[in-house]
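> Order-wise, the sequence lines are chains A and B.
The first sequence begins at 1 in full-length UniProt numbering and counts up by one.
The second sequence begins at 1 in full-length UniProt numbering and counts up by one.
These are computed hints drawn from the structure, not numbers from a lab.
Please read these numbers as outputs of a predicted model, since none were measured by experiment.
Please note that a few of the clues may not be correct.
[Stated by the list, open to error] Residues from chain A that face chain B, not an exhaustive set, calculated with beta carbons under 8 Å: (1) 86; (2) 102; (3) 163; (4) 174; (5) 176.
[What the hints assert, rightly or not] A few chain B residues that don't get close to chain A, going by computed Cβ distances all over 10 Å: (6) 44; (7) 64; (8) 66; (9) 72; (10) 83; (11) 89; (12) 117; (13) 119; (14) 133; (15) 137; (16) 145; (17) 155; (18) 170; (19) 174.
Even for Gly, the Cβ is constructed at its ideal location relative to N, Cα and C.
So the chains spell out like this:
2 protein chains.
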Amino acid sequence: MALEHAILVSLLERPGSGYELASRFDRSIGRFWTATHQQIYRVLRRMETDGWVVVEHVAQDGRPDKKVYSATGPGRQAVAAWLREPVEPETVRHELAVKIRAAAFSDPAELIPEVERHRAGHAALLERYLTGADRDFPDPDVLDAQEQLQHVVLRGGIEYERMTLAWLDDVLATLHRLARTPSNPQD
Amino acid sequence: MALEHAILVSLLERPGSGYELASRFDRSIGRFWTATHQQIYRVLRRMETDGWVVVEHVAQDGRPDKKVYSATGPGRQAVAAWLREPVEPETVRHELAVKIRAAAFSDPAELIPEVERHRAGHAALLERYLTGADRDFPDPDVLDAQEQLQHVVLRGGIEYERMTLAWLDDVLATLHRLARTPSNPQD
DNA sequence: AGTGCCATGTAACCAGTTACATGATTGC
DNA sequence: GCAATCATGTAACTGGTTACATGGCACT
């Protein structure tokens, strides 16, 4: 399980409430780990009883009170211990790839709009990464350790999106080729 | 849910037993969808009662009997209907990326062996893809529709591994740089 | 009047993982 | 004798998703 650790890393970078964590998981951290607010609240309570985080109740006016969480010493140690454990290989769930193979048993042309939709999504994400990189790391040669590590992860996201865009173009070309030569497999 | 559909696609490509499906999920299909045999047996039974697949009991001598499953007409229609539904965006789970950011709160040098282990795993996988591509698609210009779609998915896997290798080199360079300049953040 | 943001939660369900169980055959 | 391969399953658990609930403030 790594959601605990993802939350701890986020709290080490900056303390915050469950709500704030949920919005971070929708933005930056969401690039490589997703979580809903329900999950986050549940895990935060568990980590509090484990002593990995502490809460500070903050009253606000004009908006609801919030509970600001911070990582504790034991929490930091838990992260360090987890870093020393080997990561199991990622379990892949690539639904679009399954669909592309499935297209052989239906009409490949039908998949084109879906692939185009994905392409547009990835293009938009790449744009967001690039503008985010410009904004958050305007001078990539002067970064402290934490920023360098954040930056190299962001570079990974950018390269992933570029690769994916190129591949989706390859997929689209293949689908268009198949649409032009109507073989109609077993239908 | 897409495990049903991944199994159906695999059975459309070729009928097989739960055991055979499990080994396919360890090889080719495992590139973009994973499943254990327990899961596969459970889903096959559900799909049988739904009429998406049919079983044929095959007695064998020298080895245990097996139940060979095939996709039915309704199964094929279920795949076609699923193809027309939009795919939800993939939920990403990239544990290594979390660890790289976590390294800022521990010793970045400690992560180097782990990243090298990953690099070796991805390099081995790329090799396997490349030899598999040579073996299964020796002449990529003469492929039928099904093979073309399988091939474009394989190309995606190859490009993904290449990109990942390049990124892991980038990560390693970053970690080595940080190890040379001991900043030691909050320890 | 309606939408969106801030903020926290409960409850039910479903998918996926881990552990355990059985048993014959083939090869080292 | 031991491990690997073929072959199918049960049971318990855990992590993640979906639906539902509450309520004030700011903006259009």
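> Now, for every hint given, state plainly whether the structure supports it.
Hints versus structure:
no., hint, result
1, 86, "holds, 6 Å"
2, 102, "holds, 5 Å"
3, 163, "holds, 4 Å"
4, 174, "holds, 5 Å"
5, 176, "violated, 11 Å"
6, 44, "holds, 17 Å"
7, 64, "holds, 29 Å"
8, 66, "holds, 24 Å"
9, 72, "holds, 13 Å"
10, 83, "violated, 5 Å"
11, 89, "violated, 7 Å"
12, 117, "violated, 7 Å"
13, 119, "holds, 13 Å"
14, 133, "holds, 14 Å"
15, 137, "holds, 13 Å"
16, 145, "violated, 5 Å"
17, 155, "violated, 6 Å"
18, 170, "violated, 6 Å"
19, 174, "violated, 5 Å"
In the structure shown, a violation is registered for the earlier hints numbered 5, 10, 11, 12, 16, 17, 18 and 19, in ascending order.
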